[in-house]
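Novice: Residue numbers (our numbering), protein chains in the order written: chain D, 5 to 141; chain X, 5 to 141; chain Z, 5 to 141; chain H, 5 to 141.
Quick caveat, the hints were computed from the structure, so don't treat them as lab data.
All clues given are correct.
Within a straight-line C-alpha distance of at most 27 Å, the following computed DSS-like cross-link-like pairs (lysine-lysine) qualify:
hint, chain 1, residue 1, chain 2, residue 2
1, Z, K113, H, K67
2, Z, K104, H, K113
3, X, K9, D, K67
4, Z, K67, H, K93
5, X, K140, X, K55
6, H, K97, Z, K67
7, Z, K67, H, K50
Covered by chain X, per the in silico footprint, the following chain D stretches (three or more residues, Cβ under 8 Å):
hint, stretch
8, 21-28
9, 60-74
Here are a few chain Z residues that sit away from chain H, every Cβ distance over 12 Å (derived from the structure):
hint, residue
10, Y8
11, T10
12, S44
13, L45
14, G79
15, G90
16, D95
17, L141
From a predicted model like this one, the values you see are computed outputs, not experimental measurements.
Just so you know, even glycine gets a beta-carbon here, dropped at the ideal spot from N, CA and C.
Number of protein chains: 4
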Amino acid sequence: MLAYKTTCRVIYGDTDNMGVAYYANYLRWFEMGRTEMFRSLGLTYKTIENKGFFLPVSEVHCKFMTPVQYDDVIGIEVSLDTSVRGGMKFDYKIVSEDGKAVHAKGYTKHAFVDCNGRVTRPPKFLQEVIQNHISKL
Amino acid sequence: MLAYKTTCRVIYGDTDNMGVAYYANYLRWFEMGRTEMFRSLGLTYKTIENKGFFLPVSEVHCKFMTPVQYDDVIGIEVSLDTSVRGGMKFDYKIVSEDGKAVHAKGYTKHAFVDCNGRVTRPPKFLQEVIQNHISKL
Amino acid sequence: MLAYKTTCRVIYGDTDNMGVAYYANYLRWFEMGRTEMFRSLGLTYKTIENKGFFLPVSEVHCKFMTPVQYDDVIGIEVSLDTSVRGGMKFDYKIVSEDGKAVHAKGYTKHAFVDCNGRVTRPPKFLQEVIQNHISKL
Amino acid sequence: MLAYKTTCRVIYGDTDNMGVAYYANYLRWFEMGRTEMFRSLGLTYKTIENKGFFLPVSEVHCKFMTPVQYDDVIGIEVSLDTSVRGGMKFDYKIVSEDGKAVHAKGYTKHAFVDCNGRVTRPPKFLQEVIQNHISKL
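One chain only, chain D, in its complex shape (with noise of 0.2 Å):
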């Protein structure tokens, strides 16, 4: 399994009048977890976009289960859901910073998308990458 893990501190702009965080900046977190994941793979997404394809986001799901407060850190757990093919899936866990409670889960589907906007096969560029590291698990 292609997985990666990130870090992130809960700012005040990050929090509501409930005192946690905002549902829609795990969304935000959802970005860093799989674009940290890219780069580790050693292709940063504004790479792939520089070769003229892009990634945009089809679908997002998100189960809440215990919030999270300004000033904690989290872990973002992001894995690459290899089974799909056509676009790209992501799950992520968003997790306290000692990995013991998990506050969310969650993830994200995309297409490939070319310059012109139509939906395209996945560039062979980034399957090789995804091979090549699959291969070394």
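Position chains X, Z and H against the provided structure of chain D, taking the given hints into account.
Specialist: Chains X, Z and H only, in chain D's frame:
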């Protein structure tokens, strides 16, 4: 069906590097939708909180069909799924100003929580307001 | 004086751990104000961009007097400082719904930039629209 | 001079239609900077709040020099203006990863407020922590 529609103008701050609305902002629009629906029932969400009940989001789902552009006016359509007991479920559609294009579809689920953060039953005053409106449909 | 007023409802996503609107969101409201002012002149900011001119913010200032609460309707008052040449300067007041309380005061300064990112003179079509409106005051 | 530097990666959610970071997000970075500065002094802002003191922003200023791009790592440099009595003033620079380019410069001013929202004097424990660090410079 309890339903409500409101609108919102997409600002620069809602957009991203791809020139379209960033996916997390759809969750802000979902919030606007359900808040205005409560208001249309004659009971603001703020009042519900002042009475000691909170409705944190326990789950969110969204499918993104066509992107929303800068300066678009979007329609936020929300309906209450009255088949759900215990908590609340809202269904959303983000549509174009003329209602012809569906940009996104999604739902949120919410638990009722009291001042001490304990999950609780739906408050009677809210059930009555909803029943009252349904009976008039 | 060229001036315009619009309003906005404060949502949960705008608030923070202190129970009031997070300070960065005032800059979103400033944007809403100046965008709607352009629209009121019959020339949207989007049109200006489509004609090849951009107005990035070069400076922002804001004084926060009294906090804005969740679910407040705020008034966004904006006026164009017509004494500024070269770029544009907008002055803002964030006021309570009834206009009696001033929550914040600020300004933004903008340079004109062309498609290549070079600072340029104010476009004639914009100067004419503004002169035209000022002459009618 | 009390100073601190931290870094942050610019995500898609920070950018806008112009392909650069949206101006309101600089205020998030200012917050990150001052929060990490407090932490470096051995006293988190959260602890200050837990002791009953709040530091709402009373004023913010920012000059934007060169835009920040998607996926940039930015440096957030913050220093405490120790000449200010009564409240606190922080000066900020948003710089490129190598520190050579200055993207933005700004400051925030803060009042001390107690649990009842009344402006109060700076708490002794905070003054001591700051004096202690200054004496070591």
